[in-house]
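Chain by chain, the residues run as shown.
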Amino acid sequence: MDIKRLAKLARLRIPEEKYAKMESDMEGIVRMVENLPDLSSDGALIDLNNTMELREDEIKPSTPRDEILANAPKAVAGCIVVPKTVE
Amino acid sequence: MDICKLSATEMAACLRSHELSATEIAKASLERIQKVEGTVDAFLTVTEDEALAAAAKVDAQIAAGEQLAPLAGIPVGIKDNICTKGVRTTCASRMLENFVPPYDATVIEKLKAQGAVLTGKTNMDEFAMGSSCENSYFKPTRNPWDITRVPGGSSGGSAAAVAACEVPLSLGSDTGGSVRCPASFCGVVGLKPTYGAVSRYGLVAFASSLDQIGPFGRTVDDVSLLFDAISGEDKTHDATSKAGNFAARIREVKGLRIGLPKEYFGEGISEEVRAAVLKAVEEYRAMGAEIIEVSLPSTPYALSAYYIIASAEASSNLGRYDGVKYGFCGDRGGSLTDMYETTRSEGFGDEVQRRIMLGTYVLSSGYYDAYYKRAKLLQQNIAKEFEEAFTKCDFMITPVNPTTAFKLGENVNDPVAMYMADVCTINVNIAGLPGLSIPCGLGKGNLPIGLQMIGPKWSEGVLLGAAKCYETAVGGFAVKEM
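Protein chains in written order, with this note's numbering: chain A, 4 to 90; chain B, 27 to 508.
What the hints contain is simulated information worked out from the structure, not anything from laboratory work. Errors might be hidden in some of the hints.
Claimed, not checked - Once the Cα atoms are required to be at most 25 Å apart in a straight line, the calculated BS3-like pairs of lysine-lysine come out as: (1) B:K399 x A:K24; (2) B:K83 x B:K53; (3) A:K24 x B:K165; (4) A:K63 x B:K506; (5) A:K11 x B:K399; (6) B:K111 x B:K165; (7) B:K351 x A:K11.
Can you make the complete structure from the sequences, with help from the hints?
This is the structure we're talking about:
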């Protein structure tokens with residue numbers, strides 16, 4: 004299992020000293036979940052618990068901006084601040 | 027009178043007869059928390075001021091001769107993954123250590139509208155991922171029946187707080203057994219409602235197609251009281267609940283057919299658990315129920331289906347924790363991607379990272395058909411098997427956990443061994459059914475054993491009614507002296 008690639012996809016950084024443990028844990032867990040029967044894949048794959056229902060697209064009051072921003076790690080002038088993404 | 031030992035139903039009666047005031051009840055609960063928390067560690071935040079203010083309001087209502095709502099003046103503990111406006115909601119994670127929600131979950135709005143007294147936020151496995159409450163970033167909770175043992179998880183704090191008489195009622199959430207497992211380990215009653223029966227608005231998402239908020243109490247009537255208060259369609263927040271026709275509460279079990287799924291009594295279930303559950307089944311037979319054997323052939327595959335589906339959804343749901351909008355933020359000195367990776371690696375604990383990795387793996391290109399698609403097909407088969415079994419019986423009885431509470435630290439280094447604790451509970455979430463855990467005796471070391479009742483969708487009234495019959499027949503459930 005390519006732990007490094009998987010961590011990259013998941014936006015996680017596994018430190019060197021935890022690498023071996025993560026690898027053996029993941030291999031054990033994948034061995035466990037591989038216990039699946041052969042099932043025919045024809046027929047629709049519907050989510051039994053979640054049938055989709057559309058609602059009207061209505062404008063409703065929302066949480067005020069300052070209350071939302073109060074939890075942001077960094078906010079300036081009513082906007083969330085992130086590291087520079089465009090050079 | 028030891029106020030804390032009263033059930034919620036008894037407290038409600040005392041309020042109405044003016045034997046006790048809401049403030050006296052709230053103070054008794056807060057004092058009890060103060061007294062036993064050093065041993066149990068069930069709470070992450072105690073909201074003393076808010077609790078006393080809510081109680082004073084109820085006392086004013088009483089003084090004005092107003093009609094009280096069923097939960098008015100009753101102390102309730104809330105799992106720390108349910109959003110409470112202005113009160114820190116951490117999910118027991120470093121990621122949300124300082125998160126203060128700007129809104130209340132629907133269940134909290136409903137409790138506040140009734141005048142319930144919210145005494146604080148309870149400990150849990152980080153993001154509800156775990157079966158022992160040891161995955162909390164802050165501290166482990168201890169089982170009131172034996173403080174060297176786990177209370178179960180992930181809603182371990184909510185179950186322990188009720189078992190230790192800190193509060194008569196609490197709310198947890200259940201994605202694969204997170205209400206029923208700690209209820210069983212702590213000797214209290216816990217209900218995982220039908221999927222959609224209780225609004226999930228304001229419940230921090232783990233696996234949205236499986237998550238459900240559920241109540242804990244020391245008696246069946248108390249759990250019914252809290253379930254009645256929180257259930258029902260949430261019309262303001264569509265998709266967080268469903269409209270359903272709840273079955274009426276039954277009063278006797280005579281003539282009911284109880285199914286014993288043979289796959290739940292086989293290998294891996296400890297002898298004392300099997301014996302205690304079957305003894306309770308005999309009680310039901312003596313009350314006039316018919317006992318029949320049923321079969322759920324896909325049971326051996328349930329762990330696979332559950333850990334694939336739940337982890338896939340978790341890896342998507344937890345994508346929102348990026349250090350940008352709210353929550354913990356790692357070093358901001360590098361690129362945006364560096365910030366994401368630092369934030370998530372430092373903000374999430376090991377178990378959460380393992381589940382995100384598993385979810386990412388089963389959804390990744392080349393593996394989707396082999397894992398996720400097969401698990402979803404299996405989910406349909408599991409649901410069909412339950413439907414078929416319910417043509418032969420009214421509800422089923424199984425163990426909740428294969429064993430009684432294990433020692434703190436016993437399974438922390440072996441994730442697969444920890445996952446096995448969920449083997450009897452996960453299918454209920456996969457099929458969207460209600461499941462109720464009630465105590466059915468004590469095993470070695472005086473540790474509680476739980477019995478699980480599983481019914482068709484919306485059959486909570488049948489499960490709670492049948493549980494009440496058992497509770498009455500055995501003369502009530504034991505409460506731990508502390």
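Verification of the hints:
1. A C-alpha spacing of about 28 Å is found between K399 of chain B and K24 of chain A, which places the hinted pair above 25 Å, so the restraint is violated.
2. The suggested pairing of K83 of chain B with K53 of chain B holds, with an alpha-carbon distance near 14 Å, which does not exceed 25 Å.
3. A threshold of 25 Å between alpha carbons decides the hint, and for K24 of chain A with K165 of chain B the separation of about 23 Å falls inside it, so the pair holds.
4. Taking the CA atoms of K63 of chain A and K506 of chain B, the gap is near 49 Å; set against the 25 Å cutoff, the hint is violated.
5. A hinted pair counts as satisfied when its Cα atoms are at most 25 Å apart, and K11 of chain A with K399 of chain B qualifies at roughly 23 Å.
6. With a CA separation close to 24 Å, the supplied pair K111 of chain B and K165 of chain B stays within the 25 Å bound.
7. Restraint check for K351 of chain B and K11 of chain A: satisfied, since their Cα atoms lie roughly 21 Å apart, inside the 25 Å limit.
Of the numbered hints given earlier, the model fails hints 1 and 4; all others are met.
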